[in-house]
Amino acid sequence: MTLHVENTLTGEREPFEPRDPEDVLLYYCGLTVSDPPHLGHARSWVHVDVMHRWLEYLGYGVRHVENFTDVNEKIVARIGEAGGDEEAVARSYLARTIADMRSLNLLRAEVYPRVSEHVPEIVELIETLVEKGYAYESEGSVYFDVTSFEEYGELSNQDIDEMESQGDPDERSEKRHPADFALWKAGGVDPAAIEEHRHDGAAPAEEAAAGASTWDSPWGEGRPGWHVECSAMSMTHLADHIDIHVGGRDLVFPHHENEIAQSEAASGERFADYWLHCELFEIGDEKMSSSLGNFVTVEEAVSEWGTNVLRTFLTAGSYNSEQLYSEKTIAEAGERWERMERAHERAVNAIDSPDAGSKAEDGDLREAVTDARVAFERAMNNDFNTREAQSELLEIAGAINHHLDRTAPGAGGSYDYRGLREAVETLEELGAVLGLSFTGDTDGRADLAGEVVDLLLSVREREREAGNYDRADELREDLEDLGVEVQDTDSGPSYRLQ
RNA sequence: GCCAAGGUGGCAGAGUCCGGCCUAACGCAGCGGCCUGCAGAGCCGCCCAUCGCCGGUUCAAAUCCGGCCCUUGGCUCCA
1 MTLHVENTLT
11 GEREPFEPRD
21 PEDVLLYYCG
31 LTVSDPPHLG
41 HARSWVHVDV
51 MHRWLEYLGY
61 GVRHVENFTD
71 VNEKIVARIG
81 EAGGDEEAVA
91 RSYLARTIAD
101 MRSLNLLRAE
111 VYPRVSEHVP
121 EIVELIETLV
131 EKGYAYESEG
141 SVYFDVTSFE
151 EYGELSNQDI
161 DEMESQGDPD
171 ERSEKRHPAD
181 FALWKAGGVD
191 PAAIEEHRHD
201 GAAPAEEAAA
211 GASTWDSPWG
221 EGRPGWHVEC
231 SAMSMTHLAD
241 HIDIHVGGRD
251 LVFPHHENEI
261 AQSEAASGER
271 FADYWLHCEL
281 FEIGDEKMSS
291 SLGNFVTVEE
301 AVSEWGTNVL
311 RTFLTAGSYN
321 SEQLYSEKTI
331 AEAGERWERM
341 ERAHERAVNA
351 IDSPDAGSKA
361 EDGDLREAVT
371 DARVAFERAM
381 NNDFNTREAQ
391 SELLEIAGAI
401 NHHLDRTAPG
411 AGGSYDYRGL
421 REAVETLEEL
431 GAVLGLSFTG
441 DTDGRADLAG
451 EVVDLLLSVR
461 EREREAGNYD
471 RADELREDLE
481 DLGVEVQDTD
491 SGPSYRLQ
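UniProt numbering applies: residue 1 is where the first sequence begins, and numbers increase by one.
Hints were generated in silico from the structure; no laboratory data involved.
Treat the hints with care, as some may be off.
Ranges of calculated distance between the beta carbons of each label pair, as one might list FRET restraints [as the list claims (entries may be wrong)]:
{"id": "1", "residue 1": "Y57", "residue 2": "A99", "range": "22 to 30 Å"}
{"id": "2", "residue 1": "G140", "residue 2": "K328", "range": "48 to 56 Å"}
{"id": "3", "residue 1": "D488", "residue 2": "V111", "range": "47 to 55 Å"}
{"id": "4", "residue 1": "R270", "residue 2": "S358", "range": "36 to 44 Å"}
{"id": "5", "residue 1": "K328", "residue 2": "E195", "range": "34 to 42 Å"}
{"id": "6", "residue 1": "E300", "residue 2": "P21", "range": "37 to 45 Å"}
{"id": "7", "residue 1": "E461", "residue 2": "G59", "range": "45 to 53 Å"}
{"id": "8", "residue 1": "S291", "residue 2": "L324", "range": "33 to 41 Å"}
{"id": "9", "residue 1": "E304", "residue 2": "E282", "range": "18 to 26 Å"}
{"id": "10", "residue 1": "G293", "residue 2": "G187", "range": "28 to 36 Å"}
{"id": "11", "residue 1": "E429", "residue 2": "E17", "range": "23 to 31 Å"}
{"id": "12", "residue 1": "L58", "residue 2": "I160", "range": "32 to 40 Å"}
In this text, a Cβ means the ideal position worked out from N, Cα and C, and glycines have one as well.
All chains should be built: construct the whole structure from the sequences, respecting the hints.
Dropping the structure here:
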């Protein structure tokens, strides 16, 4: 069973055949650092991260590059709010973005290139396009001539004559064809262009525009267009021809279409073999997006739900299906995560119990674990079906619980320690593919706080033995208020930190 | 208008590529029972789906083909 992916370019699910298995080249269109990242960004990040992890699970070597757009009118519009010029604003949001990414337990990409550091490469790419006749200069700006590139529209199946024109009205008069797009924009930033993105409290548009960065170029002073950056950075850090290009569904047209045009026109090679697109969050009846302002920031979400719950939630649908965001759907993900986590903890406790070492075997348990791994692999190979993969983790949890309940100690049964160990290891290993961590933040036993909780529990046990249930319940409730969830089990009380 | 993706139980969400182990997964919610001093967690069982509509192909269709209705996204900054 090999990995199959849904390729936007062909519209079909195809077997994944990288050019070099040791060196799978993966580029992800990152975000513009002009706002705090929101859950929608997190959803894409997490799915790309899972793709990366799954490719490694399959034995591929992965080179993962993800850019940041730090030159953009929206950033300029924040001047006065988060910094004195474009560079400072971008730096401050960038720092925040990196921190958010860390909090989501994402594997690090090989490099996170920024536009501001790649202007020479961008200029060079544009020069090549001009030389080859795919681009033309007009009033100090440079535009890509879409009619010169035969395959234009192949990704999104658009016909350039049917399209509405791109760019603002001033720009249109400089262009030969309304669908031509800017590679280089003459001069600085037009105050009018940032007005629509301005927040209250930001510097006045005129003043902000003065803080925009500009660079010298063969066509005079100006700024790079939006689409070229990804071509230039992907080609610089990976290769002219890469394996996988991932991005949000909303970028298919025009951004990815334009990337293909620029890159392939310049290099004469196929730019990317597999185009994968992450679908968006639906909130109420519309998509979640920076521009609509209907988002939850990553920072808020992580602090409210925690990384594991969030990742369980974000992988609760396929990357290429829309997903509903609501308090309820996220709470359900929380229930699923807790079910996995509790089963994991129960199993670990059983393995560590004093009478460990019996030779008992539970065929059902062992079979359930092996079956789950097979099904998990099948699900992931089927275009990264994370929801189905997740359900296999829950199957393991169910098998653990079933086994533990059937073979309660003292009731004549004995645990299948080896089977349990396998269940635990499988849960941890496959969970890691989804970026879930069972061994992180719930174990408070080793430190002083843990010892104090143990002490309180033993006090409560004495009260229970003496029949003082009121006092025992009071202790349990007080602990609960502190976030310590107490559970009485056959083998004594146990607790979890919430 | 043009392009794309969808419409599956109370919710959420797989399955559709390659028709039959789908009388439709996993989870949540609901209902019984077990366990428990109680609670929680857990276990066992149950309830809820003629898979948008109509027609076709087939021994067999949620899955393939045709038509229709509806929703969302893109065509302007957006993961």
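Hints, one by one, checked against the model:
1. Between Y57 and A99 the beta carbons are some 27 Å apart, a value that agrees with the proposed interval 22 to 30 Å.
2. In this structure the hint that G140 and K328 lie 48 to 56 Å apart at CB holds, the actual value being about 53 Å.
3. The beta-carbon spacing between D488 and V111, approximately 52 Å, falls within the hinted interval of 47 to 55 Å.
4. Between R270 and S358 the beta carbon distance is about 59 Å. The supplied range of 36 to 44 Å is therefore violated.
5. Between K328 and E195 the C-beta distance comes to about 38 Å, which sits within the given range of 34 to 42 Å.
6. For the pair E300 and P21, the beta carbons lie near 40 Å from each other, so the given range of 37 to 45 Å is met.
7. Roughly 50 Å separates the CB atoms of E461 and G59, a value that falls within the hinted 45 to 53 Å.
8. Between S291 and L324 the Cβ separation comes to about 20 Å, which falls outside the hinted range of 33 to 41 Å.
9. E304 and E282 have their C-beta atoms about 20 Å apart, which keeps the hinted 18 to 26 Å range intact.
10. Look at G293 against G187: about 30 Å separates their beta carbons, and that is inside 28 to 36 Å.
11. For E429 paired with E17, a C-beta distance near 26 Å keeps the hint of 23 to 31 Å intact.
12. Our hint of 32 to 40 Å for L58 and I160 holds, since their Cβ atoms are close to 39 Å apart.
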